[in-house]
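Could you use the hints to bring the two separately framed chains together as a complex?
Line order of the protein sequences matches chains A and B. Reminder that position 176 of the first sequence reads as 179 in this note's numbering, one-by-one numbering, no gaps. Reminder that position 82 of the second sequence reads as 152 in this note's numbering, one-by-one numbering, no gaps.
One should not assume that every hint holds.
Claimed, not checked - The list that follows gives simulated cross-link-like pairs (lysine to aspartate or glutamate, EDC-like), each with its CA atoms no further than 20 Å apart: (1) Lys144/B / Asp62/A; (2) Lys301/B / Asp241/B; (3) Lys144/A / Asp132/A; (4) Lys101/B / Asp298/B; (5) Lys78/B / Asp132/A; (6) Lys69/A / Asp89/A.
Don't read these hints as lab results, they were simulated from the structure.
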Amino acid sequence: MLSGVPDAASLRNSDPPRHAAFVRVTHWITTICFFALLISGAEIVISHPRFYWGETGNDLTTPLFKIPIPASRNLVPTGYGYVLPDQNGWSRYLHFEAAWAVVLTGLVYTIWGLWTGHFRSNLFPAPADRTWGAFWGVIAKHIRLQRPDQAEAFSYNVVQRASYLIVIFILFPLVIWTGLALSPAFNSAVPAAVNVLGGRQSARTLHFFLSAFLLLFLIVHVAMIVLAGFPSRMRAMITGTRIIHYRRFVIPSLFFGRGNRFLLGRGSDSGDRQRTVEDRT
Amino acid sequence: MNKISRRKFVTAGLAATAGMSGVAVAATLAKRYGLIPPDSGGIYGPGETLTYAAQRLLTRHSLAREFPRSMISKAPFANEIAPFNDAFKHHQSSGFAEWRLSVDGMVARPASLSMSDLRSFPVRNQITEVVCEEGWSYIAEWIGAPLHEVLNAAGILPQARYVVYFSVEPDWWESIDMADALHPQTLLTYAMNGGDLPVSFGGPLRLRVPRQLGYKSVKFITRLTATDSLKRFGKGLGSASPEGGYAWYAGI
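Bound conformation, chain B alone (with noise of 0.2 Å):
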């Protein structure tokens, strides 16, 4: 071994060293400051996790665009959703007066709220835009309790890390981590445009959280879930769209 290639292979050598502890340390402190996606693992998981972190460095507390009243579409599109099953029939015959969202998890007083005791918490409408995937949007007003106030009525436990949420539909849930839970703007939705929340857009309730994709938005919520690790529900990967394909984290 000559003398150019030696110092090439010391300089390569540090160099493969230097990352690979970097990369180490950026792994324990984005574990530590919760930076990492519950679907990390997989060929796509390096990707999830620096949009994941980066965004939660850069969007912590960031409030997603309003828009003026002018700007309402007048032309909201509402997604195809599946046939209703027997249990949201039976709720739609009775004008869903007997709709309940229970509280449940790392939570200190657990509760099962009517649509009424829903409506008593401060309400919050904001004009914000829903983004699909897809490609579409459209904006609309969307009125309701933010969802903090519901979570800390419950009294909420520190240790809460994420909320699970579930509509009346089978196998459609998701999860948001605490920055979008607590954030203003993520909203009980039981109204839209001054009325009640049509069927088509989620009625009778809809959980919006405008800084993500369409997605997570789930329709016809039924409850919520404070926990400290998302291993427990469904395959482990946050929420049902991972184990269909799809990220956890919609903010992109």
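Okay, chain A solo, but in the shape it has when bound (with noise of 0.2 Å):
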């Protein structure tokens, strides 16, 4: 599992970066409309929080459940005794446009990703981690609050890379279904695409759990960049940089004391591939 650890020696400028260029360029475009779909989702949920199950639903009828908040439209019986404005118009438009924006990005990404083997070699799970053994292996470490190994800023554990897989064949092309089956045109040339979700009013429930999952991917996936390191994270990221750590691992540190930081390879490297690792006693 910790194969592939490069040691300093080993790193040069000539290095593969840490993620494709193709990664990280699809990875932000990502990122923004997945914040435009989520603004855009929570208003448009906003003018009415209430959620049904089958073909139809509406205020006159029983809800499966209620968000409660109060609604940008006067008829929702929400309990609350005033009106949120109207965001619809300009969030329904960008609601669209990022989906447009991020199903070809997606396309794109994964023809590519088929193409070059980036899911063969990065996402899907090394033979010897494809056990249950290897996967609570992962947790353990995390409920335990260890830092992430060196080898997790060159590639990814099992557990990230389950869940990546998740997030990019499960989770997204769920939504996208769940979301092309809100669509009164796009149903009636392919009407199974709601049928078979249980009609309208589950595929908007599906929908909306389903944007919860991607949301609470969001928060754990960052949490966890800022744990294992933001700067060097985003920096791989953003610019592809290798580096191992760059900052301390602050809130373990609450519990295990401060780590030794020394540097590593400094001055055997060119200037802008400074790098830094954490003591991991």
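Shown next as structure tokens:
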């Protein structure tokens, strides 16, 4: 699992970037689109914060559940004595534009990933890691708040790989499908898209939960990046720089005391490739 | 400049040129085949154009889902409407006996149709879902005259590309392209669930466009205009919706 940890001497400027330029560009386009979809989606939900199951549902029918927030429409029985401003116009325009951008980006990314073997080599777990033991090993390490291995600055661990695969190949396709199933014109061409989900309101409820799962992923993803070393991970995803550690691992040090810092490879590399690594004692 | 960077430069240049030519060709073709919506300007224009163009290629003739009678909503929901103006109140007090629908613009025989004229057209009923952009929906049976029957009776001209329709209420007007205007399910609706169309649901006359969101199904219709261009209507964005910040095409 820890194979491929580069030692300092083996790191050269000619090394391939931590993340390929293609991954970096599609990652950030997807990030921007996701935030646009999240904000506009939340605004659209505010106009009717009630969810149903089946084909139909409205203010006169019993909801599956309600989000306890005020609404931006005054006929919605929210229990609040006021109505929020209507933001649906721009939210809807933005939602569909961002959806197009992320779908097209995702298509290009998928083709590129298959073509270059990105999925096979970087995302599908190595054969040795395809065990529950390896999976729980990583989870246990996180629960004990252990610092990531150096290897994890260069390669994804098995839990990361599994989560990324679930997001890329399950959550994104499902959120696109359930979104399309809300389009009356698309449904006229492909009625099965909505019918197999149990109806329009079921599709809307599923779309909401899938978005919530994606938001949960985002929160955990960002939390893990912060814990692993925000600047180094961000640099790796922005410039592709391979860096082991850049900053102290703040939260665990509350438990484990201050770690020793030392620089790795100072002077032996060109200035822009200076790396630091945390002592894991 | 060394060899690698020159090669990269040339490749990137070629890719950019190919990309831009591709976009230019696509834009020209889209324009020729009427795949550009009237609200294609501004930052949301590309998304709207992609949606409209993709759906027109995919859904030109497809039929909205129709449901069994058992699925008709027992509690259909009528969205809020602005207080009625005096003209509407006058019609309401006389049981809409004087309600008329004028058909003008690019038609050979402009007409002014009474409700009984409309009832003399072939009747179509359909059980379809009203889908509001807010998220709620209901299913009802809608009964009326297919818009294409009325347009054909008025002799719609081949150069007509859109039908603009107006509510008796001011600043409430929409338009649809000919794919939706001539679509068999686009209905000048005067009855619902077996009775007259209630005022709260758009009575006496509502244009139902079941392949688009509810806001395209304008209530209290008094006028239809066939046109080859939407530029002369309102701010030229196609309908009142884009003027209020909502997309013209609501098939999403």
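Checked against the structure, which of the hints given earlier come out wrong? 5
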